[in-house]
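Protein chains in written order, with this note's numbering: chain A, 4 to 120; chain B, 11 to 285.
Derived from the structure by calculation, the hints contain no laboratory data.
Sample of chain A residues facing chain B (criterion: CB under 7 Å; computed from the structure):
id : residue
1  : Leu56
2  : Ala60
3  : Ala73
4  : Gln81
For each label pair, taking beta carbons as the anchor points, the in silico distance ranges come out as:
id : chain 1 : residue 1 : chain 2 : residue 2 : range
5  : B       : Val79     : A       : Glu117    : 27 to 35 Å
6  : B       : Asp174    : A       : Leu113    : 24 to 32 Å
7  : B       : Pro260    : A       : Arg20     : 17 to 25 Å
C-beta atoms are modelled at their ideal positions from N, C-alpha and C, and glycine is treated no differently.
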Amino acid sequence: MTTNAFGSVLETLTRQRGVRASLIVSETDGLIVDATLRVGQDGDRVAALAASLFRKARLSAAAARLGDVAFMQMDAEQGRICAVGGKSDLVLMVVAEPTANVGLIRVELLKALETLA
Amino acid sequence: MSSDIQRWSDELARDPSSLAFLDLGEALRRDGQLDVALTIVRRGLDRHPENVDAHNLMARVAIDRRDFVRAAEEWQTVLRLAPDHVGALKGLGYICYQEGRLEDAERYLNHAATRGGGESVAAALDSVRRSSGELATATVDALTPSDALTPSHAQSLFADVLTDAEQTALLLDESGYVLGGVYLDGEGNDLAHEIGAQLSGISDEAVRATRHLGIGDWKSIVFETDVASVALAPTSNKGLLVVAASRATPLGLLRRLLDQCAMRSIHWLTDGTTR
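Please put together the full structure from these sequences, using the hints given.
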C-alpha cells in the first residue's frame with residue numbers, strides 16, 4: 004500500500020525477488036513517509052527499528068571519522084535489511100528474505116535514491 | 011558550512027594569492043569535504059609550488075582519500091624542500107608501514123624521532139619494531155598458545171589475513187575494548203580503541219532490531235561510507251569483529267575477509283592459536 008508520489012519507487016523495489024517490504028522513512032524520528040508492505044506487517048515497527056539502526060551506523064561512522072554512510076546491509080538468520088541514505092533526512096530501506104539477491108537490491112536502492120534526491 | 015570555512019573562504023576570495031588556502035584546505039579536510047579540499051590545495055599549489063605546508067597538506071588530504079601514491083609523492087616533495095620535516099617523515103613512515111616495508115618505515119620514523127617527533131613518533135616506532143620482530147619470529151618458529159596471547163601478537167592478529175595495506179581489522183570485547191588488531195590513521199597513530207568504542211554500539215542496535223523484527227540473530231552488518239567499506243560481525247563472547255577496507259574494495263571481497271578474520275578470531279579466542 005503506498006500513499007503518494009513515492010509509490011513507483013517503492014513498487015520497483017518490492018518487485019525484486021525476496022523483498023518483503025520497502026519503506027521510505029525519516030531517519031530523525033523513524034516515522035514512515037511511504038511504504039509498500041505485505042499484509043500483516045507492522046510497518047511502524049520496521050521503520051522505527053531500521054531507521055534507528057541506520058542512524059546508529061551513520062553516527063558511529065562519523066565519530067570514527069569514516070565519513071557519511073551511503074549504504075548499509077544487515078544480515079540476520081531469517082532476514083535482511085538494506086538501507087541507503089543521502090544528504091536529506093530520508094532513508095530508503097528494504098526488508099528481504101535471507102536468499103534475496105542483495106547485489107541487485109543495492110543497485111536498485113541506489114538508483115531509487117537518485118530518483119528521490 | 012562552518013564559520014571557519016566561511017571565514018577562510020571569504021579571505022581567499024578577497025585575495026586569491028594569499029596563503030588562506032592552507033587554513034581553508036585544512037578546515038575542509040577536517041570537515042570531511044575531501045574533494046573540495048583537494049581542489050583548493052591544488053589551486054594553492056599552482057600559485058605557491060614551493061610551499062612546504064601546501065605539499066604537506068596535500069599529502070594529508072591524499073591520505074584521507076586513501077590515495078597513498080599521491081601522499082607519498084607529496085611528502086617526498088616536502089622532504090626535498092625541507093629534509094627534516096617531521097610531518098613528512100612520519101607520513102612516509104606510516105605509508106611504508108602500511109605497505110609492509112618495515113625497514114623503510116623504521117628509517118623514516120627514526121629520522122623523525124631525532125628531529126623532535128615526540129611521543130607519537132616514539133609510539134609509532136615502537137609499533138614498527140614490534141611488527142618487525144613478529145614477522146621475523148613467525149617465519150622461524152610456529153607460535154605456541156602462550157606466545158599468541160601476548161599483546162604484541164594481539165596487534166598483528168589479522169596481519170596475514172588482510173591482503174593489502176588499506177585493509178584493517180579489529181577484535182573487540184563486549185565492552186568495546188580492543189582484544190586484537192590495529193587501526194592506524196594518516197599520522198601513524200593507532201586509533202583502534204577510539205574506532206572500537208565508536209563502532210561497538212552498532213551491535214546493541216542490531217540486537218534490538220532483530221529481536222523486535224523476529225528475524226533471528228544478526229550475522230553481519232556491512233556499510234559503505236565516503237572513504238571506506240566496513241563489515242561487522244558478532245563474536246562468540248558477545249564481542250564484535252570489525253573489518254575495514256578502502257571504498258574501492260568490492261563488498262564481496264570484504265565479506266570474505268570478514269569470514270576469514272572471524273575464523274581467525276574463533277581459533278585465537280578458544281585455543282590461542284592463529285591457524
